[in-house]
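Whole structure, please, built from the sequences with the hints as guidance.
Each chain is listed here by its residues.
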Amino acid sequence: MFTLKVFPIMRELTYAEAIREALSQAMEADPTVFTLGEDIGVYGGAFGVTGDLVHRFGTERVIDTPISELGMAGAAVGAALTGMKPVLELQFSDFVTLATEQIVNQAAKIRFMFGGKASVPLVIRMPGGSGTGAAAQHSQSLEAWFGHIPGLKVVQPSTPHDAKGLLLAAIDDPNPVLIFEHKLLYRMKGPVPEEAYREPIGKAAIRREGRDVTIVATSMMAIRSLAAAERLAAEGIDAEVIDLRTIRPMDTEAVLKSVRKTSRLMVVYEGVKTLGVGAEVSAAVAESDAFDFLDAPIVRLGGKDVPLPYNPILEKAAVPQEDEIVNAARRLVREGRV
Amino acid sequence: MAVEVILPRVDMAMDQGSVARWAVKNGDTVKPGDLLFEMSTDKSVMEVEATGAGVVAGISIEEGIDVPVGTVLAWILAPGEAEPQSKKPAKEPVSASDTQTLSYSDARTLTPAHDSSIVPSHEGLRATPLARRFARERGIDLKSLSGSGPFGRIEARDLPLVSNDSNALRAETAMRQWLPQGSLQRQSRGTILLVHGFASQAATWDGIGLALAEQGFDVFAPDLAGHGRSPLEAHDFESIVESLVGAIQSLAPRQNIHLVGHSMGAAACVYATQRSPKPIARLTLLAPAGLGSAIDDQFIASIAAVSDATTLRPLLDKLTSRHIDYKAKQLEAMAADLGRGRLKALSQTLVQNGRQALDICAMLSSMRCPVEVLFGVEDQIIPWTQIAALEPAIAVHLFRKAGHMIHVDEPLAVVKLLASGG
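Protein chains in written order, with my numbering: chain Y, 1 to 338; chain H, 339 to 760.
Because the hints were derived from the structure by calculation, they are not lab data.
Keep in mind that this is a model prediction, so the values were computed, not measured.
Among the clues, some could well be false.
[What the hints assert, rightly or not] Straight-line Cα separation of at most 20 Å, EDC-like style, residue types lysine to aspartate or glutamate; simulated pairs:
1) H:Lys682 to H:Asp646
2) Y:Lys203 to H:Asp675
3) Y:Lys257 to H:Glu571
4) Y:Lys203 to Y:Glu280
Right under this line is the structure:
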């Protein structure tokens, strides 16, 4: 006897469209949600994320700001304190350096300093990452900086599905959430449900199950690691790929569980290797009972310790590429080193 | 007479520990039951209380410094008594059950679980943490091996008995073994694999595991899928059986394994015996699941849903006939483990519509090895009367004063039975 299995055909959106849909659904559902940033109104955003939102919600809820990151961040923190739910877009995450006073010294601390009587339900969206030839001041991955600040949550979606679900969860969150989007992902397409769903902040996703090596990755590196894992599978190496999705709070348990199974760990991330996400993940494993399951040294593949070059060949060489991930994982599994 | 205050052994795998915090200082007067210090092991922090009355003297070990088990940390002196000169322990280290105050007169005297020459720190020797742990658990001397890794580093695959079968390897990663001193030299009386029940773990056998090892058996216990340190998840009973078969395979090339299962683990033993490529020598089932349909289904659902120590405590009382004093930290650790929710899916496949979903009766009647069934008459989880389903060829032992955890209520009787010819 046959049973016919019907798979619903899910609509596909780009990463940028998924973010726009999340914003639009949040603004429809809650009048206190609004968005602000440079060129996000009529121009539609430097990467086209906000698109036509200004025509649908008006200039009071889709606000073009002057070129002053500190000013717009201060306005957003203030609005959040009064009960509004601002979603601030920074045109490039590199410009967050100008807004750090408001983020680090105000948004992150206010709830604690007022004994929980005030909170800052603020979301900051900003594109990071290299690969577009935008050079040293427009290509960095600075997420680990903010992961170091108690009071902040730091999210890095790698798929259109997560971009929407994590943004809606971030808007619901009563505390500041920083979302590091990736420039190379904005045009990537993937299935996105139409309803306003949430993805939990602080929960990793296992993109591929495997038993020989655990590859923990973030953002664009999760995409590359997954492609690398498929190539490794053809060689008989079964890699498990964990997309952290949130670096603070970090889903350490998912990593430990995987390492207890595979006995090998590789961390792939785009920020510079030194003092970054890789160090945090590695230390979490080394400090835990999963240490006794390690059968090879831990490997970090991070960005090179250089300002990102403009030269496209050097730019590629400065961050982990698919070939590098394949080679490193192969050596780790076959030879126990990199 | 001066009473020694020593660093006690609280876990069989423990060979050193440290004082996390002194609660007393030299010159303090204490009485039995007063907190002396908090000790930390690689697993937990516990409180150690005074066993005698007197004045504390001779504290010399600072907080946070690792010292071997049995080290004399201080003295409790009678009034006017002088501090003894020697700091060497006057006796062998004692075992401290978490459930009782340490007392030197009635504490069981034990020899160290690991001969220090078996697991040395190996100056200059290179081995991965996994290889070191396997060697430690199996009593293998790493110096006798050559490593295949970079610069001769010993990796897990270089150890004997570590199968390349990844399923067996994974099961092995969650195996517990009890090693009495001199275990490498002695003649083995056989291999016993102890298989825990639902929501339990290998540590439940600590009491009888060591006793059997001391009587000359090679004793192992796996954490089944979804339990304890097992990296495998338990989606259903089949995952449990698979992980047990993996554990049995990992014991190759040992022959004639004696399987001892408790409750759900007993049912798993029956399935695994049928599937095991090697014959099983003997099967002992403690309060087995799968003989009848009745079971306290509320208990199973509640234990799978435990979120904190308060909800856990009353459930534990149903398991044994005698009252066990658990420390708050033990309860919290158990509750935290259960709170991860790993058992929810499994519990729903074990019990359906309030009745047991497993049935081992047909399989039991086709067993080729000797089978014995143990039940406690005071079992509140599975009624002992289900033995009525058993064929006459199967031996039945009833324990009048035991509950569901027979090995906890009547450890000595269970050890005697397991060590006997069968």
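Status of the hints after comparison with the structure:
no.	hint	in the structure
1	H:Lys682 to H:Asp646	holds (15 Å)
2	Y:Lys203 to H:Asp675	holds (19 Å)
3	Y:Lys257 to H:Glu571	holds (10 Å)
4	Y:Lys203 to Y:Glu280	holds (16 Å)
The structure fails none of the hints (numbered hints given earlier).
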